[in-house]
Structure formats: C-alpha cells, structure tokens
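Peer 1: Throw the hints in and build the complete structure from the sequences for me.
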Amino acid sequence: MGPRNTHLDDPGGMTRRRFVASMAATGCVAAGSSGVLLADGRFVIPIAEGFLVVDTKKCQGCGSCMMACSLAHSGAASYSGSRIQIMQDSFGDWPDDLFIAQCRQCQNAPCVEVCPTGANHVDEANGNVRRVDPELCIGCRMCIQACPFTPARLQWDTGNRKSQKCDLCVDTPHLDEKGGPDGIQACVRVCPVQAIGFTREMPSQTLADSSYQVNLRDWVWKRLGMTAE
Amino acid sequence: MTLYGYAGKILRLDLTAQRAIEIDTGEYRSWGGGHGLGSALFWDFCTDKTITDGTDPANVVVLTSSPLNGTLAPSAGRCEVVGVGLNTHPVHWYTRSNIGGRFGTMLRHAGYDAIVIEGRASSPVWVDVRNRKVVFHDASDLWGTDTQTAQERIWRRIGVPRDLKTGWWNLNETAEEALDPATDQGRTTQRPAIMTIGPAGENVTCGGCLVHDAGNVAAVAGFGGVWGSKNLKAISVIGTGEIPVADATALLRARTAIQEKYVSNIEQPDFEAWTKIGKQPKLMAMVPPPTDEYRPQACQGCVSGCRARYSVGYGHETKCQVTSWYFAPARRVAKSTEELVEINLRAADAAQRYGLNTYFALTGLHWLEHLVEEGVLGPGKTIHSELPWEDYGTLEFAEKLVHALSCREDIGADLADGWVQTAYKWGREKDLRTGHMAFSYWGQPEHGYDPRAEVEWGYGSILGERDICEHCFNIIFTNVTAAFAFAKPMRIPAEELVSIISEKLSPYAKNRPEVLDYSDENMYSEDVAQLVRWHRHYTRFYKESALYCDLRWPDFYNTNTPDRRGATASDDAGEHVFWNAVTGDDLSFDDGIELGRRIWNLDNAIWTLQGRHRDMVQFAPFIYETKYEQGELFPFFMWPCRDAGGEWVYRDIMGRSMDRQKFEGFKTSFYRLEGWDVASGWPTRTTLEGLDLAGVAATLEAAGRLGKGGSS
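Those sequence lines, one after another, are chains L and D.
Per this note's numbering, residue 195 is the first one in the first sequence, and the count goes up by one each step.
Per this note's numbering, residue -15 is the first one in the second sequence, and the count goes up by one each step.
Treat the hints with care, since some could be wrong.
[To be verified] Derived DEER-like restraints, expressed as beta-carbon distance ranges:
| id | chain 1 | residue 1 | chain 2 | residue 2 | range |
| --- | --- | --- | --- | --- | --- |
| 1 | D | Pro372 | L | Lys416 | 40 to 50 Å |
| 2 | D | Thr150 | L | Lys416 | 31 to 41 Å |
| 3 | D | Val119 | L | Thr344 | 23 to 33 Å |
| 4 | D | Ile7 | L | Met396 | 46 to 56 Å |
What the hints contain is simulated information worked out from the structure, not anything from laboratory work.
Just so you know, these numbers come straight off a predicted model, no measurement behind them.
All residues carry an ideal CB built from backbone N, CA and C; glycine is no exception.
Peer 2: Below, the structure is given as structure tokens:
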C-alpha cells in the first residue's frame, strides 16, 4: 500500500480510519459505501476508473487547463481554485522550467482515508472517482495535509472554507457535456497541445511522479520542431 | 450587482506621496477595458494633457487588463499600457504599447483591473500588490540591476519558494489571518507577475522597455524610460481572487468551437494553413531554434504558443524581431548557423536584461553602418564613438552597443533622446530624405511593411501616433508573398480572399472588396480610407481593449474550415462571443467596432490637446522622395489588386513612392469620414457628442482646439 502519512499517526484526531475502526467488530466493515478495512489494518477502496496523465515537456504553460477547471466547476476564473496546477519559472531551462500537479486518483487515496466525515469519498456511481462532497466537508483540511504529494493535489476553497479536489469533471455544472470517467475532462478538452491525457489504466502507484508523467509527443510535435524523445 | 468579467477595483498609485487609492471599475465600465479604460483614466487623472514630454511628472501611465484576461477567451492574455511616451518625434505623443505573459491575468487575481501611475517618487521604489494590499518599498538596492535579477530578488523578498515543486505558498502574513474567513488571503502555487525596468529605463532612454518574466516586453512607446523618470523600478502583483464570469458554459462552448473547428487538428495538422487563430504552436523566431529541446511558451489563455524556453539556457521567451535585431551584422562574422543563432539569441537576451527596445535596429543599424562607411562615425570622427566597430557582428559588440544605448554612453548619450532627434543634432537630416535613415513615421523605424506598399500599415501609423504593429491585414502579405517566394500553392485565390475578408469588415466596408485594392490607382481612394477607419476602430477595441493578441486575431480567412471563413465576427467563436460570455453584455460585432471608434476619438482629442494638427501628419521625406525597392525579406511585395480588366490578381506592389498631394487627399477623405475637421484633423462637437463625449468637446473648445464642421 501507499505511504502512511503523519496524520494517521496523530493520536489526537478522529480520522476516517479510526472512525471505521471504532465501528468495526469483526475486523471487516464497510466505511460509508466504498471503503473496507481489512483485518490486517489495510484500508481498501475501489480503484478509480480514470486517471489524468501529463507531459510536462510538452505543456506550453498557457494556463488554459486551470481556467477551464475553475470555470467548469464554479463558473468563475481562478487559479487558486483550479484542481490542476501549472507552475513555471520563466528563467528556468526546459524541461525543469515547468511542473504540472494534477490529482492522481490514488489507489489508496490517503485523502479519502483520512476524512472524518466521509465527505472525501469514492463515488461508485461515477467510476470510483475520489471526490469531496461539499455538503459533508467540515473544513478540517486533513485531506490536504494527508496528500503525500507536493504541492498537495487538493485545494483549500478560501471562500467556502472547504476542501476540494479533482473529480475528473463529474460535478461540473458549467460544462454542457457529460464529465467524469465516462465523459470529458475540461482540462483535457481545452489543452491546445494535448499535454494532458486521460487513461483508464491505472499508472504505477509509486510516490514518484514519473508514472503519471508520460510522453504525449509524436510525429506532429517533431514536425513542429521539438523533440519527441 | 456583480460586475462580470472584472475584478471591480482600479488602483491609483500616487508615487509622489507614496499613497495607494482605490476607485470602482464600475465608473469606467462603458470603456470596456484595456486601451479604452486606459484612455478614459488618463483623461481623468492627467491634469495637464498638453504635455509633450513623457518625463513630465504630470504624465500618467496606466496599466490595464481586459475582462477576457485569464478567462479562457483564446489568445486574449495581454496587458495594455498607455500614457505619454518617450519614443516619438517631433513630440512625445500620448501613446500605447502592450505586453503578454501573465501580468494582466495576475493583476485581476490580485484584485485590480488597472493601475494608474501618477507623480514621481523622490527616490527609487518598487510596489508590492497582493490581494489589494499595496506596499511601497525602497528600491535603492534594485536600481541598476537587470530585469531578470530584479524579478528574482523581488520573488525572494516576497517569499516565493525557489523550487517550483515546493508547492502552495500562503499569502497570509499571520496564522490568525489565515484562520479568519474574513481575512484569509488564500494560497497559490503561482509566482508574482512582475513588470520592471532595466538600465535602459532607469537612464530614461527612449528605448526603455517594461519587461515581465523573461521575454514579455512593452517596447515601442518607451514607457520604461517614463518609469525611470518616475523612479519606479517595478510593480509586483499576486492574488488568489477569482473573476466572475457571466456565462461560463457559453465561454467553454465557444472555446471548444475555436479548437475543434478553427484550429488545425493537432493529430493531422495542416502545417501550411492560412489562418491566424488556427495555427499549431510554432516558434515565431527569425532564426532557427538552437536545439529541438524546448517547449512552446504561451501567454495566458493562448491556443498557440509562439515563444520557447530552451534547454540551452538562453533565448527564453524571445520572439519575432528581437531574435534577429543583430542578424545582419552577426551573419558577417558567424562561421556556422549554430554560431549565428547563438549570437542572435544572446544579443536578444542582453537587450531583454537591459530592458532595451530593439526595434531601433530594424533600420537604425543600417544607418549607423552608413555613417561608419561614410567616415563620419568612429573614433576621432565627426561623430566620435569609441565602440569597437571593427568587431561589428560579434556578440561582444552587441553587448557593448546595448550597454551604451541603455546607459547613455558613447553614441547612446545622444540616441537615448531619440534617433531622429539625433539625426538632426548630428546634422544628418539628409539621411531622412535618401532613406539611409528609414524611420518612416513619428520618428520610429520602418517596420518592414513599408507605407509605399502596405498602405493600411503606413496610414494607420501616421494617422495615429506610432508604428501600429497591427498585423490584421499584414497576414495577406505573409501568406501570399511566402507562397510566391517559395513556390507554395496559393491556398485561396485573390478574388475569394478579398471577398471573404470583406464579409467581415462591417460596417464601413462590408462586402466591399475594393477597399483591399492597394494598386497605384486605388491606394489613395476613399475605399482604402474606409478600410483604414475599420482597422483603427477594430484594433482600438478588440485588439487593444479586449486585448486579443495581434498574432492570432482577427481570423478573417481560415483554410481549416470547409468554407474558409475564419473565426472573426462569427456567431460561434467571434471576438464578441467571448466578450459577451464573460461580461454578460449583448455586444454585436459592430458594437465593438463602434466602441473602438469612441476610443479612437478620445485618443485624437488627447493628441489635439497635445498640439496635433493635420499639417504635422507627414511621413518621413524618403517615403515621398524615393521608391520602395527592397523589402526586409524579399525584393517583392505581393498583394491582391484589380487588374485593368477588373479581375483580382496577386500583384507585386513594390517599386513606388508615396505621392504627397494624393496623400493629402487621402487625409481629407479620412478626416471627412471620421467626422473630423478636414482643415485641422481635430474632432468636432457633432462627432464627439454623437459618441457621448460632450465633456471632451467642451474641454477641446475651452482649449481653442475643437474642430469645425459636422459628422460624416
């Protein structure tokens, strides 16, 4: 399983794991509707049916994915409110001048595991996407802290005082197409250079980002003058 | 009431008192944004609009965003700058420039639609803007630094993580602030967008630029020198705010239409497509890339990046003319293409770091060469210069020249105050007659699309206040001349091309293809005057106020679509469609043109107060007295014209001069169509009142400069 995070070892908080454990009598109990705590202590949730992969060597840094994300979800343009983050250093050298941080829809999903209310959950009706139900979120930010990646792939919604995360566009009231694993994802749709891809095959669940970093450059890219290596 | 598309506040920076004042954007809503908003703010806050010196403390410089910045409107990520510049002759006109990158977008996330810069600081300052918190800082230790160093030092002072992957950083100053919903400033992964000047600006040179990130530059107007005169080193903006959008669904739908209908399919692209919005990302450099290890780099929201960041560590984000300002001399010494490319890109970096406008080099270097060859410029010569002219073409010479021009040293001591001004000072007026000094309009260098050939470029520049640098119709030259030069297919025949374009020239020239006929017989006609009007009004709103990118808009024709009609003015993805989706307006395409006319008239009112008269509206003498024989790239200039039988053909229009008397007739036609006084070129009461600018008319009348006559 994936890494344990410091929060899980914090004796003070009521994590989802503790919540589930406290309710378990037989060593195997459903957590909400989607998690199972095994007798050996592992917390198992269904694998997501979709993942975003990116090519940081290809990205043109236009920020369109960030704008599309916030617009599709909230109807407003916001970088801080985007579920995908593009970070750039104008003076840096390719390829280390840019980094893309997208939610990995983790197999073990520490953010889901740590949520004390079930707000951060596995949406079985929508391809097991890990998503936050804002109605249940109490704004404890434990999911943000539990994310093992830097930057954290969850965002703090300053206005609503709740956490939010990528849902592969399941809940996008401003998108007039179906979103989610069986639909489209706004960031994938608008990326002018197709530097963001969607796959149903789960990338390797290592801590390193490399499994979600793929080469999306092809003969067209090479013809445009840039390396496809 | 929600002001869709706007941050809602405008920031006034009083540098003299080091005081920040906020005003509501709503008061200026009718001007849209960008240039229109900037001109309106300049009108209100520049108390002496007769000034003709950009260094006058009364000068006001305005940075303005567009409602479209950062909203997914395609290729609309620029930021407009207006004020009295430093780079025109015979006077410093009220003028404009604009800059790409992230600044306009981040300014809005920081809470402001515009920044009005007033007064003059007593010592160097930089200004830190974070979520509407504004702090003036001493910039003594930044003064003298290059543009990259200044930005990196400010990032460190603000506390931006050095490592991209460090993650979210908090804009709160205390933990208590973060915990209180009323004060929480939020978090961001982004770096502050900084606009700064280098030594060329600090030394108040006409070539001083505003630079943002590595290669975004507001250059031609000389606003860097104006900032230098105000002791303003830099403005940094960062924020976590959001911009409300009226109809995000419509916005996303229109963006999808752009990418799926108008942009060439990236999986099977048409690499030779004739279109502006529909190109694949492609480095727009005048030299080959130094390596294939690079990414296209784009302004915020662009569908087609045109710059690059390389693995080799130089040339980042530099494009277009800046990549080749030193090409001609470097070609003489470079022993390989690789060396030629490296000299050019490193020379470009030098200019970017000094914050020096390189457009002087388009024709200015030829002039200096001419003076050296004539024996009047050099060590101990009439025009003394200790620059190592024997090393002309080397990178070392380029760097010394950039330093001299930026720091008022050697010949830079004179050229810093203007190249044409220097020609007069050096007694070289004759070079403006022979064309050895090819500075065509208002003391600015010929752009390469000579007024004697591409007339709308020349007319627009001289009827305005600067080299327009608006490639709306210039794409015709690019497509047709390149096809002719390299024996490529003419993707659209001349008659079809002008027909498609004219469909979109509403209202003045709709379905009037004759307005595009630049033949000798038609180049001074009222037809062309109508085209120039449309161009002036289109650009003042859509390109300079809505801030659509010059390289991507307008998209008149587009070979990616079945009917070859481009996105411009279309119902599914036209310029106004994005505007309406963001702002909630019900703007028609023609409404945008009319708003552009209003802005253009306000600009002319300012020029009129500055002393403009039609008698001053003259090209440099060589435009009338010599023939255009050699282009920047080709010995021909192809354009659609009607032949003797009235048939449309692509024809070479090089080899002619401008007729002075016929140009006067053209001016009269233009002024009449605009409803301006044909004797003076000044706006009239009737025209101004028709544009809801009665107050402007009253000001002109009080100054004794209101035009006589009625509207068109």
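Peer 1: Next step is simple, just say for each hint if it's right about the structure.
Peer 2: Now for the hints, and whether the structure bears them out:
1. D/Pro372 x L/Lys416: 40 to 50 Å: holds (42 Å)
2. D/Thr150 x L/Lys416: 31 to 41 Å: holds (33 Å)
3. D/Val119 x L/Thr344: 23 to 33 Å: holds (29 Å)
4. D/Ile7 x L/Met396: 46 to 56 Å: holds (53 Å)
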